[in-house]
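Model the placement of chain L on the given structure of chain A, informed by the hints.
Chain residues, written in single-letter form:
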Amino acid sequence: MTAETTNPVLSVLADRDGDACWSCGDMRAAHFCKSCGKVQPARPVDFFAFFGLPKKLNLDVAKLERDFYLLSRKLHPDVYAQANEQEREWSLEQSSRLNDAYRTLKDPIKRTQYLLHLEGLELEEQSKNATERARATGELKKQVVPPELLEEVFELNMQLEEARMNKKMGENDAALAEEIEKQKQSLEQKYEALSLELGRYWSNWDTALDAGSEANQIQARDRMVDLLNRRNYIRNLVRDVNEVLES
Amino acid sequence: MAEREIIIGIDLGTTNSLVAFMAGDSPAVIPGEDGINLVPSVVALDEKNQIIVGNAARKYLIETPDRAVYSIKRLMGRGVDDVQEELKLFPFQLADDLQPGEVVRIRLGEKTFTPPEISAFILRQLKRNAERFFGAPVTKAVITVPAYFNDAQRQATKDAGRIAGLDVLRLVNEPTAASLAYGLDKKQNGIVAVYDLGGGTFDISILKLHDGIFEVIATNGDTHLGGDDVDNLLIRIALDDIRGDLGVDVSRNGEAVATIRKAVIEAKIALSSRESIKLDIDLPGDKRYRREITREQFEHLIQPIIDRTVGPCKQALKDAGLKPQQIDEVVLVGGSTRIPKVRALVKELFQREPHIDLNPDEVVALGAAVQANILSGGSTATENMLLLDVTPLSLGIEVAGSVTDKIILRNSTIPASASQHYTTQIDGQTNVAIHVLQGERELAKDCRSLARFDLKGIPPMAAGMPRIEVKFLIDANGILQVSAREQRSGKQAEIEVQPSYGLTDEQVEGMILDSFDNAEEDFRQRQVIEAANEADTILAALEKGKKSPAWDELTTEEKKTIARLEKMLVEVKIGNDYQAIRKSIDELNQATTRLAELMMDSAVTTALKGQNMDESNADEGPTAPHPMAKAEFK
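Sequence order for the protein chains is A and L. When we follow my numbering, the leftmost residue of the first sequence carries the number 1, and every step to the right adds one. When we follow my numbering, the leftmost residue of the second sequence carries the number 248, and every step to the right adds one.
What the hints contain is simulated information worked out from the structure, not anything from laboratory work. Among the hints, erroneous ones may be present.
To be verified - Which bits of chain L does chain A cover? Going by a derived footprint, with three or more residues having C-beta under 8 Å, they are: (1) 622 to 630; (2) 655 to 669.
As the list claims (entries may be wrong) - Not everything, but these chain A residues come out facing chain L in the computed CB check (under 7 Å): (3) 69; (4) 73; (5) 78; (6) 81; (7) 92; (8) 95; (9) 96; (10) 99.
As the list claims (entries may be wrong) - What follows is a set of in silico ranges between Cβ atoms, one per label pair, in the way DEER data are often shown: (11) 88(A) / 383(L): 24 to 30 Å; (12) 106(A) / 500(L): 56 to 62 Å; (13) 118(A) / 568(L): 22 to 28 Å; (14) 203(A) / 558(L): 38 to 44 Å; (15) 335(L) / 120(A): 52 to 58 Å.
Even for Gly, the Cβ is constructed at its ideal location relative to N, Cα and C.
For reference, chain A alone in the conformation it holds in the complex (with noise of 0.2 Å):
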């Protein structure tokens, strides 16, 4: 393992004067000139720019495999193992920002995640390792009950509750199993929905964005964040009626 007390990149990018490839002097592309094919210092711009994208959700994924294909050829490190080091550095720099950005970007959950992100918007936390670290610091954890599932919830918890009590005394209760079971197709249905409702928000977005209607944009990206929370919510339960089904 090293560790890296300067950042060239950073450096070089200060010192940097427009937007001219440093070995040839030619520069149209933002990661490696069209002319000679080097690889640029990388730029602190987000995934969308990264791939020359407007920041909208609806995308052609199929097109940005292409240009995750064309763009890896360019800045992958196996190009420049045998390059001077400072080639390798920002090679390793850039060629790790194409993957980060295209992992984010190919999946429409985490696309849309990271868009809100990028508009200062957080998420109610609602990963499995904030549930455990509430548990362990006994710190409450950001979380609401949508409310349309405060009822069903509640029961399902219930029910959770006494399987797990089942187990731990080494019953089997082949009703209860039955009953949860239904429930989390129930929440399987649900999440299906929010998917699909998640879907049409994306439009929304993009249509504001195009028409330049901060008001909609708005609207839309907290209606996404609403979906998100509740989507996430559910996800979660279902998280937990497996993992009392499956043990």
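Relative to the frame of chain A, chain L by itself:
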């Protein structure tokens, strides 16, 4: 075009190791001096404390088991506290003076070595094999590692390369390397699963092939599962049998256990092609252990072991978001996939006949050679080929409540990075401790500890004011790099790395100096020795030639020239100048060509007269002083 430096591809295996290179358009394995491709990963210390590697070291496993070691790969990147399981199964002898937290050291005779040093002996042997083959120094290599190796195991492998005097340009995952070797001649697109069950490790990788891009979508495995486990099971059964039937416990007799091990491995291999095998082992005290094992019994015994590969396969498919029917090809890699039962299991899992076109022992090394070629700038054969691999394990940091917060998820394409922001909890705090973990479990204690970092030199500010950005980057070798910056002051924070299981840079540096001098010098010395040996051979042959009747047929002038060149060779061969020795050998060779021909003629004439060569010319024989024209009669 300027001549490119040779980059070799190395498969550093648990049981066997190989070195390969790209010969034109296809990769080829470089054999050892004995003409054998596989170099057993066995290291021994002989009675003169010389390091012996490979086939020559195998006899020490039985004769002096306390001076030999095998399967060292199992201990790479591991600490004293987490090798206890291995010690129950393998005759590793740890050094007596190990401190907690220290990298393990293995005792060979009176000396002790860390696993990277022992691996370095194997690597050095492979390096020498390549140098002998090319007649030139080799300093750059690609080395393969199991896909499921963690950061510490990868770092240990890289350290081993450095100790052996090799610049390790890339660590490549073994199943991915295999796919490169397969992909070379089958330029096609599709989804490929590589099932790699070797001597000590198991990997499953699922790749998407797209116009020369080899994109790993998911990988999984078990770095302690392989043929070794089958061997250990059979040894244990044999030891139990011997205790029960013969009433002796030989489990503490190193020599007996090594003998049993050799026999059961042979039996295991034979059972891949035969229906039954008879074990017949001589034991100390004139006892004899005999037992017949049928393939059916064998398959029943190993079922629990090979079943352990099912979970990782299913997880990899799940992570890739694929059903078995969506896999286009399945490729088998590793010696253990020769077991018919393993093949049947793979066929059932993926619902198709697996590929075994390439030798499963060699395919990883061949793939490493392909990657080496790509890194050296590529050739027509590897044009457009690019490998995009993933990290096999999630990277996390410990947060409040001893919970792991995952920041780079498993199966992320590498290089991959993640940034985390830290702040202080007390006014004026200047240090922050970070604990980096690798693994899938929720609690920090269940993950593998990679390293502890201390962020130092944070400008003193009110609690919560500093904003320190720590960047974690997994490079193309799957090895972590960390950098940090305090964002308010713009100051680069200082990081002190304490690897949880590994050698420090200084330690590795020391080992390089301890074991041998720089690679160039090492190679030059050996060249001189080899040339001097060749000079001795030709001079001895010339002595014989002078006694043959052919000598008298030479002109005075010819004899004079030979005498002058002979004198010159005798003089230069004791020196250190390789070029001079080489030149002198060539000149003498040329001057004695006619003598060699005359001797051959007379030998043939003699033979035609019906005389037996051995009788007529018992001592002299037809040995010409010309190494390229050795007479041979059968």
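Evaluated hints:
1. Evaluation of the coverage hint for the stretch 622 to 630 of chain L: fulfilled, as 3 residues show C-beta separations to chain A shorter than 8 Å, against a requirement of three.
2. With a threshold of 8 Å between beta carbons, the proposed coverage of the stretch 655 to 669 of chain L by chain A holds, since 7 of its residues qualify and at least three are required.
3. Taken as an interface hint, residue 69(A) checks out: its beta carbon lies about 5 Å from the nearest beta carbon of chain L, inside 7 Å.
4. Evaluation of the residue 73(A) hint against chain L yields a held restraint, the C-beta minimum of about 6 Å falling below 7 Å.
5. Given the 7 Å rule on beta carbons, the hint for residue 78(A) holds: about 6 Å separates it from the nearest Cβ of chain L.
6. Below 7 Å, beta-carbon pairs count as interface contacts, and residue 81(A) has one with chain L at about 4 Å; its hint therefore holds.
7. The closest approach between the C-beta of residue 92(A) and any C-beta of chain L is roughly 6 Å, which is under the 7 Å cut-off, so the hint is satisfied.
8. For residue 95(A), the interface hint holds, the least distance from its beta-carbon to any beta-carbon of chain L being 5 Å, beneath 7 Å.
9. At its closest, the beta carbon of residue 96(A) sits 4 Å from a beta carbon of chain L; the interface hint therefore holds under the 7 Å criterion.
10. Given the 7 Å rule on beta carbons, the hint for residue 99(A) holds: about 4 Å separates it from the nearest Cβ of chain L.
11. Distance hint for residue 88(A) and residue 383(L): a CB-CB separation of about 25 Å, consistent with the stated range 24 to 30 Å.
12. Separated by about 59 Å at the C-beta atoms, residue 106(A) and residue 500(L) satisfy the suggested range of 56 to 62 Å.
13. Taking 22 to 28 Å as the suggested C-beta distance range, the pair residue 118(A) and residue 568(L) conforms, at roughly 26 Å.
14. The hinted window of 38 to 44 Å between residue 203(A) and residue 558(L) holds, with their beta carbons roughly 41 Å apart.
15. Between residue 335(L) and residue 120(A), the C-beta spacing of about 56 Å keeps the proposed range 52 to 58 Å intact.
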